[in-house]
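Chemist: So you can see what is in the structure, the chains are spelled out below.
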Amino acid sequence: MDIEISFTQQGSISIIKPLGKSLDASTNISFKKQTANWVSQGHAILLLDLNEVEFIDSSGLGSIISLFKLVADHGKMGICNTQNTVRSLFHLTRMDRVFPLYPNEAVGLSALTSTMNNK
Amino acid sequence: MDKNKIVQFSIESNINLAPLLGRAIQGICNSTPLDKIEIYQIQLCIVEAINNVILHAYDNKPGNKVEAHFELGPDYIIIKTIDTGKFDNQLGLRDDFTSFDPDHYQDLPESGMGIFIMKSYMDKVEYGIEDGKNVVTMRKNFKEKIVSGNPPKDF
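Residue numbers (the numbering used here), protein chains in the order written: chain A, 1 to 119; chain B, 1 to 155.
Hints may be right or wrong, so weigh each one.
[Claimed, not checked] Subject to a maximum C-alpha distance of 25 Å in a straight line, what follows is the list of computed DMTMM-like cross-link-like pairs (lysine to aspartate or glutamate):
#1 A:Lys33 to B:Asp107
#2 A:Lys76 to B:Glu110
#3 B:Lys36 to A:Asp73
#4 B:Lys36 to A:Glu105
#5 B:Lys133 to B:Glu71
#6 B:Lys119 to B:Glu71
#7 A:Lys32 to B:Asp107
In case anyone wonders, no lab produced these hints; they're calculated from the structure. All values derive from a computational prediction rather than experimental measurement.
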């Protein structure tokens with residue numbers, strides 16, 4: 001099943017925002033395909049905005065990890081606007097140690113910009 | 001005393017239907033005093049269990065039946081998934097996905113976390129065969145009463 005995703009650019013940072021409420025076994029393939037295609041165009045600094053996402057299962061989490069792996073060695077990825085429910089899954093799987101979780105888009109953009117400037 | 005509330009669902013083995021069933025369970029749980037995170041965790045466990053049935057017991061082939069039974073007791077919830085697919089007990093598989101080095105990102109797991117999630121969020125998870133069908137049973141206990149009903153069952 002397809003999931004609609006918004007891709008926007010703020011300077012060199014890509015904001016990737018799934019617009020569907022659920023990132024799960026039915027939508028993860030579409031998510032992976034669209035985001036991999038975006039990264040293949042040269043985008044390596046990513047802010048994943050999960051404001052609309054109310055539900056993530058292990059397949060959805062796996063697709064986020066997959067996206068992270070695409071940019072980890074030459075770029076950076078952070079996540080913002082996670083709902084409390086979804087954040088509990090990141091905490092359980094300790095993925096909150098892997099991805100920085102920002103409270104909102106502005107903080108995420110600022111942090112990623114700062115990271116790029118420090119390189 | 002009110003009887004425990006039992007709801008039974010049946011879906012086709014179509015992965016697009018698993019989240020729908022999860023939403024149905026979420027809707028039922030929304031009528032209890034459970035908080036949003038607890039409801040999400042229950043919804044997640046049933047979706048993970050259904051995903052496993054569809055993807056592993058039925059090899060992601062459509063046209064097969066997946067049943068889910070949801071029992072709301074006074075201070076517990078029992079969820080059962082039932083299928084007639086191949087016996088595939090994954091409960092003994094690796095279930096610790098937290099012992100990774102975040103700096104070794106290539107080793108991060110992208111799949112197989114479902115059982116770990118179920119065992120982490122539920123108090124009891126068992127897999128067996130009942131009446132010739134594969135059954136996964138999960139139980140979650142709560143300190144507070146969530147609905148009026150009969151005393152807890154033996155499971």
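Chemist: Evaluate each hint against the coordinates.
Modeler: Tested hints:
For the suggested pair A:Lys33 and B:Asp107, the alpha carbons sit about 21 Å apart, so the restraint of at most 25 Å is met. At roughly 18 Å between alpha-carbon atoms, A:Lys76 and B:Glu110 fall within 25 Å of each other, so this suggested pair holds. For the hint pairing B:Lys36 with A:Asp73, the CA-to-CA distance comes to about 36 Å; that exceeds 25 Å, so the pair is violated. With a C-alpha separation of about 23 Å, the suggested pairing of B:Lys36 with A:Glu105 holds against the 25 Å cut-off.
The suggested pairing of B:Lys133 with B:Glu71 holds, with an alpha-carbon distance near 19 Å, which does not exceed 25 Å. This hinted pair checks out: B:Lys119 and B:Glu71 have alpha carbons roughly 18 Å apart, not beyond 25 Å. Taken as a hint, the A:Lys32 and B:Asp107 pair is honoured in the structure, with Cα atoms around 18 Å apart against an allowance of 25 Å.
Checked against the numbered hints given earlier, this structure breaks only hint 3.
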